[in-house]
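Colleague: Given next are the chains, with one letter for each unit.
Number of protein chains: 2
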Amino acid sequence: MSEHFTLAVDAMGGDRAPDIVIAGVSLAAERHPAARFLLFGDEARLTALLRRHRRAASHSVVRHAPEAIPGDMKPTAALRLRGASMRLAIDAVASGEAMGVVSAGNTGALMALAKIVLKTLPGIDRPAMAAIGPSARGDVVMLDLGANVACDVRNLVEFAVMGDVFARTVLGLPQPTIGLLNVGAEEMKGDEQLRQAADALRESYLGPQFHGFVEGHDIAAGTTDVIVTDGFTGNVALKTAEGALKLVGGLLRQVFSSSLSARLGYLLARPGLDRLREWLDPRRYNGAVMLGLNGVVVKSHGGTDAAGFAHAIDVAMDMVVHHFNDRMREGLGRIVVPQPGVGPTDGPRNGHGPRLAAAR
Amino acid sequence: MSEHFTLAVDAMGGDRAPDIVIAGVSLAAERHPAARFLLFGDEARLTALLRRHRRAASHSVVRHAPEAIPGDMKPTAALRLRGASMRLAIDAVASGEAMGVVSAGNTGALMALAKIVLKTLPGIDRPAMAAIGPSARGDVVMLDLGANVACDVRNLVEFAVMGDVFARTVLGLPQPTIGLLNVGAEEMKGDEQLRQAADALRESYLGPQFHGFVEGHDIAAGTTDVIVTDGFTGNVALKTAEGALKLVGGLLRQVFSSSLSARLGYLLARPGLDRLREWLDPRRYNGAVMLGLNGVVVKSHGGTDAAGFAHAIDVAMDMVVHHFNDRMREGLGRIVVPQPGVGPTDGPRNGHGPRLAAAR
Numbered sequence: 000m001s002e003h004f005t006l007a008v009d010a011m012g013g014d015r016a017p018d019i020v021i022a023g024v025s026l027a028a029e030r031h032p033a034a035r036f037l038l039f040g041d042e043a044r045l046t047a048l049l050r051r052h053r054r055a056a057s058h059s060v061v062r063h064a065p066e067a068i069p070g071d072m073k074p075t076a077a078l079r080l081r082g083a084s085m086r087l088a089i090d091a092v093a094s095g096e097a098m099g100v101v102s103a104g105n106t107g108a109l110m111a112l113a114k115i116v117l118k119t120l121p122g123i124d125r126p127a128m129a130a131i132g133p134s135a136r137g138d139v140v141m142l143d144l145g146a147n148v149a150c151d152v153r154n155l156v157e158f159a160v161m162g163d164v165f166a167r168t169v170l171g172l173p174q175p176t177i178g179l180l181n182v183g184a185e186e187m188k189g190d191e192q193l194r195q196a197a198d199a200l201r202e203s204y205l206g207p208q209f210h211g212f213v214e215g216h217d218i219a220a221g222t223t224d225v226i227v228t229d230g231f232t233g234n235v236a237l238k239t240a241e242g243a244l245k246l247v248g249g250l251l252r253q254v255f256s257s258s259l260s261a262r263l264g265y266l267l268a269r270p271g272l273d274r275l276r277e278w279l280d281p282r283r284y285n286g287a288v289m290l291g292l293n294g295v296v297v298k299s300h301g302g303t304d305a306a307g308f309a310h311a312i313d314v315a316m317d318m319v320v321h322h323f324n325d326r327m328r329e330g331l332g333r334i335v336v337p338q339p340g341v342g343p344t345d346g347p348r349n350g351h352g353p354r355l356a357a358a359r
Numbered sequence: 000m001s002e003h004f005t006l007a008v009d010a011m012g013g014d015r016a017p018d019i020v021i022a023g024v025s026l027a028a029e030r031h032p033a034a035r036f037l038l039f040g041d042e043a044r045l046t047a048l049l050r051r052h053r054r055a056a057s058h059s060v061v062r063h064a065p066e067a068i069p070g071d072m073k074p075t076a077a078l079r080l081r082g083a084s085m086r087l088a089i090d091a092v093a094s095g096e097a098m099g100v101v102s103a104g105n106t107g108a109l110m111a112l113a114k115i116v117l118k119t120l121p122g123i124d125r126p127a128m129a130a131i132g133p134s135a136r137g138d139v140v141m142l143d144l145g146a147n148v149a150c151d152v153r154n155l156v157e158f159a160v161m162g163d164v165f166a167r168t169v170l171g172l173p174q175p176t177i178g179l180l181n182v183g184a185e186e187m188k189g190d191e192q193l194r195q196a197a198d199a200l201r202e203s204y205l206g207p208q209f210h211g212f213v214e215g216h217d218i219a220a221g222t223t224d225v226i227v228t229d230g231f232t233g234n235v236a237l238k239t240a241e242g243a244l245k246l247v248g249g250l251l252r253q254v255f256s257s258s259l260s261a262r263l264g265y266l267l268a269r270p271g272l273d274r275l276r277e278w279l280d281p282r283r284y285n286g287a288v289m290l291g292l293n294g295v296v297v298k299s300h301g302g303t304d305a306a307g308f309a310h311a312i313d314v315a316m317d318m319v320v321h322h323f324n325d326r327m328r329e330g331l332g333r334i335v336v337p338q339p340g341v342g343p344t345d346g347p348r349n350g351h352g353p354r355l356a357a358a359r
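Keeping their order, the protein sequence lines are chains A and B.
Each residue of the first sequence is one higher than the one before, starting from 0 at the first, in numbering that gives the first Met the number 0.
Each residue of the second sequence is one higher than the one before, starting from 0 at the first, in numbering that gives the first Met the number 0.
It should be emphasised that the hints constitute simulated quantities derived from the structure, not laboratory data.
Note that beta-carbon positions come from the ideal geometry of N, C-alpha and C, so glycine has one too.
There's no promise every hint is true.
Cβ pair distances, simulated, as ranges [said to hold, decoys possible]:
id	chain 1	residue 1	chain 2	residue 2	range
1	A	R269	B	V335	54 to 60 Å
2	B	T119	A	G332	49 to 55 Å
3	B	E277	A	T75	47 to 53 Å
The whole structure should be built from the sequences, with the hints applied where relevant.
Modeller: So, in C-alpha cells, the structure goes:
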C-alpha cells in the first residue's frame, strides 16, 4: 500500500457547513488519491452526507464532535469548548493522528486554538498567516495577513523564512524572490525596523533571493514571489486588492449586460473572459495558511463553496506532501535571528517601529 | 471684472515638463475661465510653448526660474535651491500672490518645501496627503497617503477633519461619512491608538458622520466617503489598489486581442468598456493634495499627461473656489484635539500604536 497523508477536517466550520465541507472533501479526494480525512463534527449529519458523497466516504473517517464554534464567538470563549469540531481536529494534529487541519470556521478561534494546542516551531517567535494571490508574473505569497498586528525585526525575518519555504513547497518555485513591503518616497524610508529587517535578510542565507523593499503596486505586478509585511499592513493590502478586483468585476458585469450588443460582445470574447475570471477567482486562492506551528493549519474562507474548500485542502496537501515543516526547521536553523532575546513580554511591539516623520 | 483665482504652477516638474504642463494649463484654462496661472520655469522655453497654446497664454504670466529640482533629488538638497521653479511657485503662495500651487515634480521636495515655506494651519500638528479614488458608490477620499509614516491619535483625528472638509469642497458632499481603517477580526482590534481616535471622533462634531472602523475592502466598496489612516498604511493601500486595477486592465487588453472573435466582441461592448476605462482612468484621479497648510498644494503624478495635469489643476481650483482653508479653520476650531501637548520632539511616533498581538 502506498503512503497516505491524513488531514483533520473541521466539518462544522463555515457558513454552509457541513454540506460544502463534505462536497469539498469529495472534490479533493478525487485530486489526491493518497489523502485520508478525519472529519470532525455531528456524526449523524456527516454520516448522512457521506452517503451522498461516496468518494469522500471512501477517503474519510467520521469523528463525532458534540459542539461547534459559532462564527462570531470570541477566541477566549472558543478556547473553552473542548468538544468543538475545530478543537478536536486540531487535537488530532497535536496527537500525530493527522498531519494538518483544514477549517472554514471562526478565524480568530482557529488562530488561538492552533497556537495554544500545536505551539510554535522551535525558534519561531510568532506564527503568521500567509496566502497566495494572482500577479502579472504568476502567483505571489504574502504574509503576515493579520495574525500579528504588531511585529518586530525578528518577526519580519522569520516571516521571510516561512514565506520562502511556503513558496517552494506550494508554488514549487526553486528560488523564490522576497520583497519587504515599504512606502516609496525616499524621505519616508525612515522606518528603522524595516531597515534592520532588510539588513538582516541581506546578510542571511536568503540574501541572494532578497530583492529589498517593494511597494504596494509591486504585489499585483509580481515584482517578487514573496511579500513580507506586518499583519496590519498585510491585512489591509490583501483586502484592498480584493475590493478593487471585486469592484472591477462588478462593473464589467454591468457593462456586459448593459445592451444587446454588449451581451453579444461578451459571448464573442467569452473564452478569454472566462479564463480571466477563473484565473482571478477568489476560490482559487482560498486557503490562508497559518505558518510556524507544529502542524499544517489551513483556513478556508468561511463563505466559500465546495470548489473553494477543495482548494484549501489542496494547499494543505501540498504542504504535507512536500514536508513543509521539515523544510521550515531547516530554514530556521540557518537564519540568525536579529533579536533573539526579545520576548513577547518585553512591552508593546509595533509593525513599523519608531518611524521618522517625512520631511522633518 | 469678475473674480479671479490665481494658481502658481511649477512648469518644470514631472517627466515631460514643461510640455505637458503647458498643454494641461491650456485644457484647464478652458474649463476654468476665472483661473489665472503664474507659470514658473525656464522663461525662453515657456514663452515658446505658450505661442503654441494660445488659451494657456491668455490666462498665464511667465515667471523665470533659473533652476529645476530633479526628480531624484533628496528633499534636504532641494531645500537649498532657492531659484527652483517649485520653490518660487510655493513662495508665490506664501506671499499671497497665488492661492495655490500645482506641481508634477519631486514629491518629497514638494512636501518638504510646502511645509517649511507655507507652514501648517494653526492647530494642525502635521499636514497630510489626500487623494480621490473610484469606488462602487462614488468617489472616495483617502488620507494620509504617505506624508506621515508615523501618526498618533491627534494626527488621525485631524486627518478626519481635513478629509471631511476636502470631501465637502472637492466632491461637493454635504455630509461625508468617515471611516477609520483597521483590520477585521475581533482579536486584532487591539490597537489602542485607533480605538482612542475612534472614541475622539465619535464624541466630536464629526460624530454623526463617523461610521467607525472600516477594512481594506471598504475602500473600493465605498462604505464611507472618507477613509482615514496613517501614511504608511494609506500609501500601501493606494498603491496596492492601483496595482490591482492595472493588472486587470492589462489582462483585459490581452483577452480582447487574443482572437478575432474577442476583438469583435470588444468592438460590440466598446461603449460600456470605454466608459468603464474612462471612469477608472488614473488621470481622472490625478492630484494628491497636501492638506493642513497655509495654502492649497496639489501634487500631480510625475508621469501624467496634459489631461492628467489639467485634472490636478481642477482639484486645486475646486479647493480655492470653495475656500478650502477657511472651512478647514472652522473645522479645526470645533474639534477637541485629543493630545494637544504632544509635539513632534516627544520621541518616535507610530502609525498603529502599541498593538496587542492576536490571540495572546
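Colleague: Against this structure, judge whether each hint is valid.
Modeller: Here's how the hints hold up against the structure:
Between A:R269 and B:V335 the C-beta distance comes to about 57 Å, which sits within the given range of 54 to 60 Å. At roughly 51 Å, the beta-carbon separation of B:T119 and A:G332 lies within the given 49 to 55 Å, and the hint holds. A hinted range of 47 to 53 Å for the beta carbons of B:E277 and A:T75 is consistent with their spacing of about 50 Å.
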